[in-house]
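Engineer: Protein sequences, first through last, are from chains S and F. No gaps in the numbering here: position 285 of the first sequence is 285 in my numbering, and each next residue is one more. Take any residue in the second sequence, count from 1 to its spot, add 1000: that is its number in my numbering.
The hints are simulated quantities; they were obtained by calculation from the structure and are not laboratory data.
20 Å max Cα-Cα, derived SDA-like pairs, lysine to any residue:
{"#": "1", "chain 1": "S", "residue 1": "91", "chain 2": "F", "residue 2": "1256"}
{"#": "2", "chain 1": "S", "residue 1": "233", "chain 2": "F", "residue 2": "1040"}
{"#": "3", "chain 1": "S", "residue 1": "257", "chain 2": "F", "residue 2": "1148"}
{"#": "4", "chain 1": "S", "residue 1": "255", "chain 2": "S", "residue 2": "186"}
{"#": "5", "chain 1": "F", "residue 1": "1259", "chain 2": "S", "residue 2": "433"}
{"#": "6", "chain 1": "F", "residue 1": "1121", "chain 2": "S", "residue 2": "261"}
{"#": "7", "chain 1": "S", "residue 1": "326", "chain 2": "F", "residue 2": "1042"}
{"#": "8", "chain 1": "S", "residue 1": "426", "chain 2": "F", "residue 2": "1039"}
{"#": "9", "chain 1": "F", "residue 1": "1259", "chain 2": "S", "residue 2": "401"}
{"#": "10", "chain 1": "F", "residue 1": "1142", "chain 2": "S", "residue 2": "199"}
{"#": "11", "chain 1": "F", "residue 1": "1142", "chain 2": "S", "residue 2": "269"}
{"#": "12", "chain 1": "F", "residue 1": "1121", "chain 2": "S", "residue 2": "275"}
{"#": "13", "chain 1": "S", "residue 1": "426", "chain 2": "F", "residue 2": "1256"}
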Amino acid sequence: MKKGMSLLLLCLIIILTACSQSGGGNGATSGTSGNGGSSNAGSNKPVTLRYGIWDENQAPAMKQIAAKFNETHPNITVNVEITPFDQYFQKLETSAAGNSMPDVFWMNPANFPKFASNDQLLPLSDYIASNNIDMNNYPKPLVDFFTYQDKVYGFPKDFDTIGLWYNKQLFDEAKVPYPDGTWDWNKLLDAAKKLTDPAKGVYGIGAAVDSGQTSYYNLILQNGGYVISDDRKSMGYDKPEAAQALQFWYDLIHKYKVSPTIAQMTDTTPESLFESGKLAMYTTGSWEAVAFNNTDLIKDKVDVAPLPQMVKKATIINGLGNVAAKNGKHTAEAWEFLKFLGSKEAAEIMGSTGTVIPAFNGTQDLWVKSMPNYKLQVFIDALSYAVNYPISMDFRSIQQTDTEQLTKAFSGQIPLPDALKAMTEKDNAMLAAEKG
Amino acid sequence: MRRGDYTWAYLMIAPTMLGTLLFHIWPVLQSVYLSFTTWNSFGNYKWSGLDNYRRMAHDAEVWSSLGNTVVFTLITVPVGLALSTIAAVLLNQKIRGIPVYRTLYFLPVITMPAAIAMVWKWLYNGDFGLLNELLGLFSSAKVQWLTNPGLALYSTAAVAVWSAIGYNMIIILSGLQGIPSHLYEAASMDGAGGMRKFFSITLPMLSPTFFFLSVISIISTLQTFELVFMMIGANSPVIGRTQTIVYDFFKYAFLMNDKGYATSIAMLLFAIILVVTVIQFRVQKKWVHYE
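Chain F on its own, in the form it takes in the complex (with noise of 0.2 Å):
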């Protein structure tokens, strides 16, 4: 490329580089500086240098909200992915009215979380709910499902598998395609059978999918919120027992009016989500199979 060319492309990019500063870049720096500060009401803060890490570190409420996600993360990442590649190779079929089920199943990506919780919410009721009338045919024992602390994050985590499956099915589905058609010739005429053929196949193929996927659904799940805050709540018994990191950052920001300490806990979750996903880069080497 000649040198003028590279002018005119930083001109191209400068409007987006200008947004992604302004509303991306900046905010974070913004935030690592509001995370040494103490808050006063009408916006007035104080530089309290590493209090409110000092005080991160022996809140045990942080802690356990950090155990709850990283249980929810555990479960919902890894049944979610492979419940939607059962699915997505179920769909992947020659059936009649594929694009139905398709639909369907992309449905819950389309609606709003805050839609999907106030149902489910009404589905998971102990008194009057459509799951327990549905178990009570069978026995008459009424299931607390969002209000037994031990079962309440299980809950919560089934709605947020349930809604992820779309998203990762159409994913797959089109990683599915782009599997080459004559490895599997190949194999039939090697003799290879179909559960044969999907795991020496269609796995591998699907790896880096797969990793697209585990990044992009690790990185979301750590930052769960608007189920748990619309199905939970904060007048619940049992949100010591299901809250997660952003819910503590939303409690400490807009609740208790403590925005420096919030922030706080909004670097944690940072900080977080940064190993992990430097972590998964450097194993990915080891699993993921690039043509």
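The shape of chain S in the complex, shown without the other chains (with noise of 0.2 Å):
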């Protein structure tokens, strides 16, 4: 009986301890949250702001940024928080519905909407105003991005537009010209042709459809095409335009035969053949400049190029933007901090190390300097005929949907224009279920 009393003991006091750790959490979150109510940008409490980002690799000028920040905000202190890409949206949404939401964060264009509409973001109009701020200093489809009915809600961070990559080193052995500004698709299709050499597995370029943005978006584009219509309440695949740059880019794998084929680049993704070797010409994002870089194998082999036009030139953009939640408890140093996110001195740091191409006028100049073995003006140059990455309230549904549809037609398991009347329906059907 002893015995027992002491065990019965020892659970009380373990659950004691426990309920009066969390009630500790509970009265350390409403402490601060009391210091936030009364806190103002005047005021000079010491405050910590939570920077919710996804990607590791700009892990180290963002925490740059943040300490820059700090010698001027002595009392704002900013934590950097990384998670993963594929979770990050999941868990924003989540710690939305919990009130727990960094107090300024990472969005991209394709969330935006779903965020802005459901009133979750700080609108930053007035504060523009009275700050006197020119948000000319951004490229303007930036700005429409992170704009929703007339109010700004975001600062443009950087952005991406899409090029042809190339291998110099199987142009220079197949006696093939560079590709350059102009080029259209049938002078990539001769190259292609003459590069593609089945015996060692080496092809001229990859027609892969995991992604729109770095492939089919683009030539539909070209074609005089549309991915979703400006009201935002169709997809424009059942247009003949469409329905002709898609033809084209699937008679690359299946009439030319000058593309792996899909299941070939599904065991190896594209981007693996390219930086092996076994894929002459790549169509992607400025993104992927930095890791080209970095990778030995390739890094004084690969350049690039403007892609190839077909009726006119078109290409994506997309980019990055901060955003603050609207609910935080420090909206006022969150303002402050992305303020200096949006100004220039940050958008040199961002620049000058060479990771993303900072969305602030003028200052793009230094990421193209950061790498001068590639011709990284072509995406810059490429501004002027950039066409905005299409979007809409839930776009990821709609994405995962075109991709499985056009995965199966150019795979050969239904044909090309069943799936494009599949997309058409289906998207728009979500679409119209979509609300705001």
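With the hints as a guide, bring the two chains together.
Structural biologist: Here you go:
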């Protein structure tokens, strides 16, 4: 009995400590929220902001920016929190429901409408007006990405466009001149035919469909079509321009056989094929520059040219923005940090570390010069004909459907026109069900 | 026992029971409720009655995933048990270095499923994989292990079998060592050979072990997800021919952001597992021998 008594006591102690711990935790949070309520930009009470990002590669630059900010705002400490991209928005949405979002965080255009329309983001228009900040400091498409119902919610952070990366060594061996700004897709096809060598397992280009942004979206736009209508109520896949563009992409695999099959590109991603010298050309974004530059195998063997054109030039532009939580506890401090993130000084730190193209006009040069071995100016020049990344309230589900259908068609399981028809029907139904 | 002892007993198990109620039973009840709802973003959902279940009845994708899952289970469980038994019997001999062999067979069990999937994905690669490299010594045909629609499900099942052998083997091994040696001695006296002993003594004496293992492996195989997710992936041309019912759940919950429908798919799986397990417990009386 004595033994039982002491065991019971032990249990009680454990339970009590567990409770008091969580109680203490609650006390601490309510304590800080009390501070937050009374704090404003003028007060000097120490405040810690949480800054949510998803890219490990950019963490050093972000921490550098946070440290620089702390020099002028000694009372505000910024903690950089990294969540991998695959879980980032899932986690953000959950924490929004639990009212525990980071104070300041990265946002991408595809997810922005959902967060803005659900009233989760801090509107910045009033702050911007009272601080006399000129939004013309950033390329207009990027500002538009983070504008909802005429209100600005975010400062553009960086952007990316798509180019034609190519393997110089394979071009030299096949005695084909390097691609340049004058190329159209017929010229690319001619070159791809010469570059393809099935015996060596070398192909001209990779016609993958897992990412519209780096492939078929661009072709559809170049052919005069659209991915999503301006009113975001219907998709453009059933239009002849889109069908033609996708048919060309399809023919690269099935008719001309200058691309690996979908099965091959599933076993080994086009990126790995390109990096191991099995693909002569690969359409992908400016963000790959730093990855290629860090891969010794191909560092000096590859370069980049503008995307070839169809009836006109076009490339998808996408970008990131910094936004703040509407219900954050330190919105005044969050605004101060946002303002700094949107400044030229912060952009220069990003540009010189070479990871992404900073959005602030005039600082892009730093990025171009950070890797002089590539013609990176191509990505900046593309701004003049760039078209915004397609978005809707829940574009991720639409992309999932598109990839599913196109993969079936491109791997020969269903005819391409059937896939386009199914995509359009399913997507349009989802668009109709979206709210806002 | 005295009355007071019961009070103590309940107090002792209370922490565990509370945990079980809070973290197991309560979520199950919530899931039942959520399967009757439709979700929007930011955790908003509304009651939608039987909508999800009606939709599921007409969803060809769910039924084909169910078919894949059943085929996967019908291959993996029997083949896995048979191979584990052979491995266990072989490793029950007195040979040199037996702990080394046992460790080797058991290693996959303590390896992370994601790591297993990545290694096998590389072995199975159609262009550069080690398997095709070995086959290349005999023929020039390249087998698309993971991208041939007719083959991918079986390639995945093979990995599931491979990684399950270790665990099953250890359980069977302990079952083997629990068989009293006098039975074998008596059989030898009666002139029984090795094969006869195996089928007349070993297998019947192992039947409780087999029953336990078949219940456990059917339940876990019906929930196969990570191998399909890691080795095939959402963008593979063969995903339709390999996706399992839990993969469907994942797809609707996390790729399509349709959590209500996803939960109703989980409920379907729950019902299936329940029925299969009840049937197994009914049928066991016919074939399981308890000493």
